[in-house]
Amino acid sequence: MKICFIMTNIFSLGGVQRVVSVLSNELIKKNEIDILCISEKPKGNNDLYNLALGINVEFNYSLVKTDIFSKVFRKIIKNINMKTGILNNEYYYKKLINVYFPNKVRENFVKYFNKKQYDIIIGVEGLFSILLGSIKEELNSKVLGWQHNSYDAYLKNPNRYFWNLDVLFNKYICKLDKYIVLTNYDKVMYKNEKNIESDVIYNPLSFESNEKSTCSKKNVLFVGRLVEQQKGLDLLIQAFNRVCLKNKDWILKIVGDGPDKEKLEQLIENLKLSERIKIEPSTSNIQEYYLNSSIFVSSSRWEGFGLVITEAMECGLPVVAFDNSGPREIINKNYENGILVPCEDVDSLANAILDLINNEEKRKKISELAINRAKDFSINKISSDWNNIFNLLI
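If you use the UniProt record's numbering, the sequence shown closes out at 394, no skipped numbers anywhere.
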């Protein structure tokens, strides 16, 4: 089977890139895999995720390239629509799709894909899923959309992703042969709110770890992009400030890079927590941080799934997370394999962290259950789910 993933850039840091790489490395064993990146070829580390031999990666920005006037004009219209929703309706949806993918650009993709003769094309994330839906009738391939964040993050949050683009989801996602979402919550929301059918496939673990944390190191860990609003790092720092009032030993390590690093460092300094909270850069050896920590915290205000949560569980860490749709899918309702606290409740987050700090036996009990839960996200199981979808289509 000849399969193509279309995305922005496979070689940048991020959970989406890790997931696509892990899945591609498994699927290449029985299929031909191409990854089409719609960006200029980067100069950085192109071996970042150890893509398997035989996976073909192509960077082809020319497919979406337009003249400078068109680019500037469309950017202005995008911003106006994001703020006002003026094109987000039945009357102007064709104008809206042209803002994101002009007619000529869509024609470029049709010619490209039909020439390649793919069996299946997978749009990674929302916009490429919409693109495939908009050209579906002209393609000779089966087309899938693959969501990488929650329904709420895509369509109910004015600060991120696809605010005021509901009409494009309504018109084009339903044209796909399959739409893959990350949680049962998302499946229900797409059905109830958009009348869009979807299938749930979890993100696979990006690695397996034979070694597990002893849960005895006095380190609390956060891993993710330093984006304050989504990742709730302001809330996490405030919560750990409360932890520090009652505990003098434990350290919070924040591992990641992002646009809000300086802002977060200033908050840490203002709270006089520079000795208790450490921000460390992203690393390709994140497993070492998991193994040298005893508690993992997900403080996201919204989270599509939480790849770092399953990675932490695989390494035996008990997880404390805000109760939004992603963590809720991973941590069961009885809180046996982790702890969920009310969203954005700083006091509850601090208390849950303190509870685990003060109870090593509880940490180790949750650790055992977390390790068992992580098996549900093994690449063998997840690739089997994908192959079942492929077999239904071909």
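In short, the hints are calculated from the structure, not lab data.
Watch out, some of these pointers could steer you wrong.
To be verified - For each label pair, taking beta carbons as the anchor points, the in silico distance ranges come out as:
1. T8 <-> K104: 16 to 22 Å
2. L53 <-> L291: 54 to 60 Å
3. S282 <-> E361: 32 to 38 Å
4. D67 <-> P342: 20 to 26 Å
5. K175 <-> N372: 36 to 42 Å
6. P259 <-> K191: 32 to 38 Å
7. N285 <-> E361: 26 to 32 Å
8. K156 <-> D355: 28 to 34 Å
9. E361 <-> K246: 15 to 21 Å
In this text, a Cβ means the ideal position worked out from N, Cα and C, and glycines have one as well.
Given the range 20 to 26 Å, decide if the beta-carbon distance of D67 to P342 lies inside it.
-> violated, 50 Å
Falls inside 36 to 42 Å, the C-beta gap from K175 to N372?
-> This hint holds: roughly 40 Å between Cβ atoms.
Between N285 and E361, is the Cβ distance one that fits in 26 to 32 Å?
-> Given range 26 to 32 Å: holds, Cβ gap about 30 Å.
Could one say that the CB atoms of E361 and K246 fall in the range 15 to 21 Å?
-> holds, 19 Å
That 32 to 38 Å hint for P259 and K191 (C-beta), does it hold up?
-> Holds - the Cβ-Cβ distance for P259 and K191, about 35 Å, lies within 32 to 38 Å.
Does the Cβ distance between S282 and E361 fall inside 32 to 38 Å?
-> holds, 33 Å
Cβ separation of K156 and D355, checked against the hinted range 28 to 34 Å = holds, 31 Å
Should the hint that T8 and K104 are 16 to 22 Å apart at their CB atoms be regarded as holding?
-> holds, 20 Å
Taking 54 to 60 Å as the hint, is the beta-carbon distance of L53 and L291 inside that range?
-> The hint (54 to 60 Å, Cβ to Cβ) is violated, given that L53 and L291 are roughly 29 Å apart.
Checked against the numbered hints given earlier, this structure breaks hints 2, 4; the rest are met.
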